[in-house]
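2 protein chains.
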Amino acid sequence: MTSPLHRLPAGPVDLTAIETDEAPGFDGGKKKGKAALFALGDDLSDLQERLFAMGRSGSERRVLLVLQGMDTSGKGGVLRHTVGLVDPQGLRITSFKAPTDEEREHDFLWRIRRALPAAGCIGVFDRSHYEDVLIGRVRELASPEEIEERYTQINDFERELVDSGTTILKCMLHISADEQKARLLARLGDETKYWKYNPSDVDERSQWPRYREAYEIALERTNTEHAPWFVIPSDKKWYRNLIIGQLLHDTLKRLDPQWPEADFDIEVERQRLTDEAPLS
Amino acid sequence: MTSPLHRLPAGPVDLTAIETDEAPGFDGGKKKGKAALFALGDDLSDLQERLFAMGRSGSERRVLLVLQGMDTSGKGGVLRHTVGLVDPQGLRITSFKAPTDEEREHDFLWRIRRALPAAGCIGVFDRSHYEDVLIGRVRELASPEEIEERYTQINDFERELVDSGTTILKCMLHISADEQKARLLARLGDETKYWKYNPSDVDERSQWPRYREAYEIALERTNTEHAPWFVIPSDKKWYRNLIIGQLLHDTLKRLDPQWPEADFDIEVERQRLTDEAPLS
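Listed in order, the protein sequences are those of chains V and W.
Here the first sequence stands for residues 1 to 280, where the numbers follow the UniProt record's numbering.
Here the second sequence stands for residues 1 to 280, where the numbers follow the UniProt record's numbering.
No wet-lab data here; the hints were simulated from the structure.
Fair warning: there could be bad hints in the mix.
Put simply, identical chains are the same to the list, so a pair is met inside one copy or across any two.
Below, in silico cross-link-like pairs of lysine-lysine (DSBU-like), each with a Cα-Cα straight-line distance of 35 Å or less [what the hints assert, rightly or not]:
| id | residue 1 | residue 2 |
| --- | --- | --- |
| 1 | Lys237 | Lys34 |
| 2 | Lys253 | Lys32 |
| 3 | Lys237 | Lys181 |
| 4 | Lys237 | Lys31 |
| 5 | Lys253 | Lys181 |
| 6 | Lys237 | Lys253 |
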């Protein structure tokens, strides 16, 4: 595994022991951090196009980036600033909301399966199947036994994806409760952000310790070798965007996608074009 | 209608009379053109976010950009360089290939309807329902009567979309046969482009005059007031990208999306946050 920075070690998880407002491993501030992310763009874009080209040529390789975090932790910001660096043709972004009636009639992984990226693509989940063991647990939307079973189901599901060519990258955007409060208040003070504010966010916020516990359990139980978790200090937005950009970059780099070879005779094709009959 | 430049006038269409390699209305070359597109980015991004915010707040407004053109005309380039300027969260991009068996069992608009953008989003079609009157006509994939009927079906369908809040922007990327030949030969000479080359492209190319005719008929028959066609000179890639960027920008600007008002009591919410009980 490259990018060991922020890779969650195996074992019990204590989120209170993981900083939210530092920028470990980066020597610089906001300006330098933004420039570093921008500088990744060309490479990221090149790697993504190679992956996409391979997908068009029969490769089963694909990437799935899972973004989880409390309200205001910046899932949307990562989509805009980091994921937005690559060609949108190769992206499959899905934002998971509260399940619809139809979705509720199925197993919790049903809607997740329908949103998986095609070969050669980068899938991004803004929230995911993890909601079913986070809000699902905190709000007791399923029985304890069922929640319990889901960790195993998730690990099995992710194992299946990995076995069929998907590289999974799971990022928990880690902010402090104080930072969330500041961001919610900021939304209330900015007319361009009212639409992002939902009074129910404050209800969920009141359950902060229970959410932390639900995250800690989920992270521990699903932090597998095949689909590891990364906990990203996210109080600094520029750092969050940069680190996820680097993770995505390193993940693609490790896949080392190669331009597909020609599956036709280049000389024959060149002749066909140069010797063609007049077109009209 | 803003951006009258390249708006196709009503009446019979003669594509041979429309230039492919000029840059009308732009005073400058490649370098200046690329800078002008880049300069549009912030504004485009802002307008798109407003549209998206409105969509989240109950507005039915959305935009559909239809890209049509011969192979190598640059539909992918427009997606990467122009559409890629906005937040990928607000995009719904669909590339239409030859229909699958399932798609073939339905009306030709079935798969198109399934790919329409949600409220607040910008949908982009890389090829579209127009294939059913283009390759459909040239390759006689349906009876002449059926093809004939489709123009009306398309106009009715687009009328329905417009009536329910969609702004439709149809762009034909207009290249010369010589330019296509040069681009196909360039793909054969560049290992990073082999994957984009398909020998069947040369077969389709041999039908160039028939495709031109099919385009001329389709453009004339479906160039409605509610869903007009734009013919974009596309031999110069930078010009093509810039003009479509401007069209998209002007279309969004004309919609004049406004940040939604708060649908909650700002003061009440501020109090809830400042007066909250300790979180642990």
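Quiz item: What label fits Lys237 with Lys181 when the C-alpha limit is 35 Å: within, between, both, or neither?
Solution: Cα proximity of Lys237 and Lys181: one copy only (15 Å, versus 47 Å across).
Practice problem: Please work out whether the CA atoms of Lys237 and Lys31 approach to 35 Å or closer within one copy, between two copies, in both situations, or in neither? | Solution: Answer is both; intra-copy 12 Å and inter-copy 33 Å each pass.
Quiz item: Are the CA atoms of Lys253 and Lys32 at most 35 Å apart within a copy, between copies, both, or neither?
Solution: Classified as both; 23 Å inside a copy, 33 Å across copies.
Quiz prompt | 35 Å Cα threshold - placement of Lys253 relative to Lys237 | solution = both (24 Å within a copy, 29 Å between copies)
Quiz item: How would you label the pair Lys237, Lys34 (within, between, both, or neither) given a Cα cut-off of 35 Å?
Solution: For Lys237 and Lys34, both the intra-copy (10 Å) and inter-copy (29 Å) Cα distances are at most 35 Å.
Self-check item: Intra- versus inter-subunit Cα pairing at 35 Å for Lys253 with Lys181
Solution: Answer is between: at 34 Å across copies they meet the 35 Å cutoff, but 37 Å inside does not.
Comparing the model with each earlier hint shows no violations; every hint is respected.
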